[in-house]
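Colleague: For the protein sequence lines, the chains are A and B, in the order given. Under our numbering, read the first sequence as residues 1 to 171, first letter to last. Under our numbering, read the second sequence as residues 172 to 596, first letter to last.
None of these hints come from the bench; they were simulated from the model. C-beta: ideal position from N, C-alpha, C; glycine also. Hints may be right or wrong, so weigh each one.
If you anchor each label on the Cβ, the simulated ranges turn out as follows [as the list claims (entries may be wrong)]:
| hint | chain 1 | residue 1 | chain 2 | residue 2 | range |
| --- | --- | --- | --- | --- | --- |
| 1 | B | Ala330 | A | Thr151 | 50 to 56 Å |
| 2 | B | Arg530 | A | Asp139 | 30 to 36 Å |
| 3 | A | Ala104 | B | Ser585 | 55 to 61 Å |
| 4 | B | Val390 | A | Glu108 | 23 to 29 Å |
| 5 | A | Leu24 | B | Ala330 | 18 to 24 Å |
| 6 | A | Gly107 | B | Arg352 | 40 to 46 Å |
| 7 | B | Pro410 | A | Gln13 | 40 to 46 Å |
| 8 | A | Arg119 | B | Ser179 | 15 to 21 Å |
| 9 | B | Gly501 | A | Ala161 | 30 to 36 Å |
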Amino acid sequence: MTQARQPAHDRSQQITALYQAHALGFVRLAFLMTGDRPTAEDLVQDAFLGLHRRWDALVDPGKALSYVRSCVLNGCREVYRVRYRRPKFRLDQPEDIESAEDIAILGEANRAVLAAIRRLPARQREAVVLRYYLEMSEDQAAQAMGVARGTVKSATSRGLAALARMLKEAK
Amino acid sequence: MSTDDQMSVEDRVRAATRAGASLINDVRPLDAPAPVRLRRRPGPGKRRWASWGGPLAAAAAVAAIALTLVAVRQGGSPAPATTGTGTAAPTAIPRYYVEPTYDIHAQRSGPLIVGDDRTGKAIATIAPPSGLAFNYAVATAEDETFVVEASVPTTPYGAPPFTWFLLRVTPGGARPYQLTRLPVRLPGNETYSRAFAVSPDGRELAVESSPGGAKAKPVTTVGIYSVATGVQLRAWTAPRQVMTELAAGHTLSWLRGGRQLAFNAATGPANRTQLRTLDVTGTGTDLIADSRAVFTADRPGMSSCRSLQVTPDGGTAICSTGVGPDPRSGPGCANGGLAFIAFSLTSSSQPGRVLYQYRGACADAESFTLWTDASGSAIIGMTRINTASRGEKNTFTVGVITGGRFRPLDIAKSVPADGYADLTF
């Protein structure tokens, strides 16, 4: 059942409340995926603005966060897909975008892991981040990624193996 | 054996992702959904500031362009302020404007509309050349002359190759306009234009670009091209994508009689948007090392700028602000949250000088600077003000701001109001 159309003002208030409660988490997720803070913020902004446009069409407003998460993940994939094609999204090497303070906070070992994660294929990267950063179960990650549970399992396994290989080579 | 060696890969991923996430501790407020149609427009046009006081500058612009193009005639002169059949406009306010129309719902570019703000009427409606779509326009030193960018029509942005046309408006002539292709081409087959600006003397086109293609390095280049020959005369590069996008797109403008370029970039602390100036007479080729930051746009305690315009004398940055739907995100309209504020670039200790502040009620609102004179004493601004307490009832207005007042201009009815932010004066 489609909800009754709400006045835009009410819709804005609800979406703003959702943004205030959850935007930071989404930006962190997008930042881990893309390595670029402005891009991460833009992706989350776009996702919430998309939510604003589609609010009336949402069958279940309770799934608004799932919608936003899907938009952010799709946006991260798009960033990688178009990184060399469209100028809107440009990914930088992590070395370029980290301040001296960030480098000190992260430490060499964590920087190496994050750089390796960003070199993974998109599906493996998503699976690894959702499973080990957000601590999602395989079922939850499958739902967020829109794939089967088995796909999450294999992507996670391959991703971890690739990370181990990259980190070993980096020594 | 190190601690890292003893940790499993899973644990290393957990530790690294949490450490990485901890770098982000705040986010900017949610932007208002924009009923204003905003594409990635370059900085608003920079013109007239040289030509009103000095016909030589305008003549030089015409002469330079005429080296290759017969479209521009020496006879073109700035429109006298007192002429026209419509509402009188103050001296030095541009009379003609262009609007590259765009249907946001169909995501399709439309014709270019040329209008006259003295009569409130459209002078011409120009269809794009076959196979191309108009993207943006910038003004030149002469009121009747614009440079228009076109590219292969794709959504939501144009695709290479990018092409520029000289648009010469001839009101009252047998043909109301002349459109002539310029010889400027960006290097590479997949290079995207992101902003452009015409030098005050009309001889050079500055283009900010990024390469495309699967193996391209994500560099930013600002190149200067000869309008007459299309040859790239100078280029500065940054080894990564440093440009930031304000709501109104990029700032790229010529300053100080063509001796400097201004652009915005995320290079400051916490990647805040900085306004930087580049001395084009210098010898360097590094976009960041050879430029210097003159203003930080989104510093703490300051409303974020929807548009950031530098006055042609290089002395002032004009920030236009907005009011979001979240009352906690900043001052509302009644408290002056919608404003045009001038910041001195020569004295960082001076607070912003309010050029105009809307004090009425609103649910949300935004503003953009479309044109400024040499020093920012007169500007053309655009506002969208939603006054409905529930739902949306937007009023779009374009007007001249001077002496703290906002005097609406008469824009042709064929120009969609939600596209006013793309008007080029």
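Colleague: Which earlier hints can't be squared with this structure?
Modeller: Checked against the structure, the hints that fail are numbers 1, 2, 5, 6 and 9, while the rest are satisfied.
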